[in-house]
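Model the full assembly from the supplied sequences, consistent with the hints where possible.
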Amino acid sequence: MPDTTITVKLRDPRTKPPSTREFTLPVARLTLTSAYFRHHLREPLSKHRDGIFRLNFPDFAIFEIYTEWLRSGEIFTKSGLRQLISPTKSRKTRSLEEKARAAYADYLGAWFLGSWVQDSVFKDVVVSAVLHRINDTEGCPREFLRALRPSLVDVVFTASKKGDPIRSLIFAAVSRFAEEEDVEKFVPGDNMEEYPRDFTRELMIHLFTTYRTESRRLSMGNTYSNSTSGSTIASTATSASVLSSNTIIPPEPFVGPMDDVFSYASHVSWPSSYTPSQPSSSDQTVTGTNTSATSVYEVGPAQSTSVSSHWAWPEHPEEDCMFHEHTRLGKPCHRNVIESDGVSNEC
552 MPDTTITVKL RDPRTKPPST REFTLPVARL TLTSAYFRHH LREPLSKHRD
602 GIFRLNFPDF AIFEIYTEWL RSGEIFTKSG LRQLISPTKS RKTRSLEEKA
652 RAAYADYLGA WFLGSWVQDS VFKDVVVSAV LHRINDTEGC PREFLRALRP
702 SLVDVVFTAS KKGDPIRSLI FAAVSRFAEE EDVEKFVPGD NMEEYPRDFT
752 RELMIHLFTT YRTESRRLSM GNTYSNSTSG STIASTATSA SVLSSNTIIP
802 PEPFVGPMDD VFSYASHVSW PSSYTPSQPS SSDQTVTGTN TSATSVYEVG
852 PAQSTSVSSH WAWPEHPEED CMFHEHTRLG KPCHRNVIES DGVSNEC
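Heads up: the sequence shown is residues 552 to 898, going by this note's numbering.
Everything labelled a hint here was simulated from the structure, so no lab data went into it.
Here the structure is a predicted model, which means the values were calculated and not measured.
Just so you know, not all the hints are guaranteed correct.
[To be verified] Once the Cα atoms are required to be at most 35 angstroms apart in a straight line, the calculated DSBU-like pairs of lysine-lysine come out as: (1) 712 / 560; (2) 736 / 629; (3) 713 / 650; (4) 736 / 567; (5) 567 / 629; (6) 629 / 650; (7) 712 / 736; (8) 736 / 650; (9) 713 / 560; (10) 736 / 643; (11) 643 / 560; (12) 567 / 643; (13) 629 / 713; (14) 560 / 650; (15) 629 / 560.
[To be verified] Taking CB as the label site, the calculated pair distances span: (16) 645 / 716: 27 to 37 angstroms; (17) 637 / 569: 21 to 31 angstroms; (18) 568 / 648: 32 to 42 angstroms; (19) 764 / 593: 46 to 56 angstroms.
By construction, the Cβ of each residue, glycine as well, lies at the ideal position given by its N, Cα and C atoms.
Okay, here's the thing in structure tokens:
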């Protein structure tokens with residue numbers, strides 16, 4: 552009988568000794584959306600030990616967000632997951648702005664994880680969650696801009712390319728909600744942590760294009776108003792449109808509600824026979840064993856394959872490129888990686 556779950560063991564190499572945590576993931580759902588796990592569950596890997604995937608990913612709470620989404624289809628923040636585990640536990644009261652800023656940072660970190668495991672469905676759902684929160688009455692959209700720390704923007708831009716939805720979302724939010732001091736922080740300055748050059752360059756181009764387009768629209772609107780009775784007054788992006796002295800139409804929201812576009816993972820049919828299991832995770836230090844096992848994993852409709860256990864910790868420089876985590880440590884890339892299209896490429 553095929554195994555219904557796999558164990559993923561994360562390690563944070565920044566701590567001494569490295570801290571680790573194990574997660575149990577449902578195979579059927581995982582292989583439907585993650586190209587990375589689907590590929591590695593179809594073919595045995597050269598490195599293996601005790602049936603566990605070992606990955607270098609330091610933010611265990613972000614990975615827990617992904618694990619919970621695989622089980623329930625819902626996107627939680629770190630705070631939401633803590634409340635799920637201990638709903639009655641008292642915690643320090645945070646302001647609405649602080650909660651929103653932390654949530655946006657969690658979403659961006661989760662998007663980056665989705666890029667790591669090549670899960671485009673999860674990435675789309677995360678972007679949808681950001682849009683829903685921005686449009687919410689308690690969304691505090693400017694806090695999304697304040698959540699854009701240089702280090703977080705760096706990993707997002709490392710994992711994305713020009714024109715990707717996540718970049719478009721960030722630029723649109725800046726042009727819509729930013730005040731002067733918000734934009735100033737993106738410009739390099741003395742004693743300031745600098746943002747990635749690609750981000751700054753694309754943002755400046757986007758702001759210029761938006762300004763020019765809006766200026767032309769207003770100019771055309773004024774020309775039209777002068778040629779008519781003047782009952783219609785052109786508006787700015789943040790003001791109301793006045794059709795007459797008694798009729799006021801409020802400005803459109805930042806982005807329309809996403810419910811009519813897609814629901815969470817709407818194009819993925821989760822297996823109805825799967826019974827969600829309880830989270831299985833524990834904090835511990837590395838205690839590797841030399842045992843190995845062979846299991847049969849279900850990798851999709853009418854597909855199964857016998858797979859040896861997976862991934863020992865990287866021990867040599869050329870093995871330090873699981874998900875390009877070497878770039879966070881300033882190390883060069885020596886290893887080929889399998890992209891979602893199945894093509895092997897260098898970093």
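Hint by hint, here is what the structure shows:
1. For the proposed pair residue 712 and residue 560, the alpha carbon gap of about 29 angstroms is at most 35 angstroms, so the pair holds.
2. Straight-line distance between C-alpha atoms of residue 736 and residue 629 comes to about 26 angstroms, which keeps the hinted pair within the 35 angstroms bound.
3. Distance check on the hinted pair: residue 713 and residue 650 sit about 30 angstroms apart at the alpha-carbon level, within 35 angstroms; holds.
4. Restraint check: the Cα-Cα separation between residue 736 and residue 567 comes to about 34 angstroms, which is no more than 35 angstroms; the hinted pair holds.
5. Restraint check: the Cα-Cα separation between residue 567 and residue 629 comes to about 24 angstroms, which is no more than 35 angstroms; the hinted pair holds.
6. For the hint linking residue 629 to residue 650, the alpha-carbon distance of about 11 angstroms falls within 35 angstroms, and the restraint holds.
7. Distance hint between residue 712 and residue 736 is fulfilled; the C-alpha atoms sit about 22 angstroms from each other, no more than 35 angstroms.
8. As the CA atoms of residue 736 and residue 650 are separated by approximately 21 angstroms, the hinted pair is consistent with the 35 angstroms bound.
9. A distance of roughly 33 angstroms separates the Cα atoms of residue 713 and residue 560; the hinted pair therefore holds under the 35 angstroms criterion.
10. The straight-line distance between the Cα atoms of residue 736 and residue 643 is roughly 29 angstroms, inside the 35 angstroms bound, and the hint therefore holds.
11. Of the supplied pair hints, the one linking residue 643 and residue 560 holds, its CA atoms being roughly 31 angstroms apart against a limit of 35 angstroms.
12. For the suggested pair residue 567 and residue 643, the alpha carbons sit about 29 angstroms apart, so the restraint of at most 35 angstroms is met.
13. Using a Cα cut-off of 35 angstroms, the hinted pair residue 629 and residue 713 holds, with the two alpha carbons roughly 29 angstroms apart.
14. Under the criterion of a C-alpha separation no larger than 35 angstroms, the hint pairing residue 560 with residue 650 is consistent with the structure, at around 29 angstroms.
15. Our distance criterion of 35 angstroms between C-alpha atoms is met by residue 629 and residue 560, whose separation comes to about 19 angstroms.
16. Between residue 645 and residue 716 the beta carbons are some 29 angstroms apart, a value that agrees with the proposed interval 27 to 37 angstroms.
17. A hinted range of 21 to 31 angstroms for the beta carbons of residue 637 and residue 569 is consistent with their spacing of about 26 angstroms.
18. Our hint of 32 to 42 angstroms for residue 568 and residue 648 holds, since their Cβ atoms are close to 37 angstroms apart.
19. Checking the proposed 46 to 56 angstroms range against residue 764 and residue 593 shows it holds: the Cβ atoms sit about 47 angstroms from each other.
Checked against the numbered hints given earlier, this structure breaks none of them.
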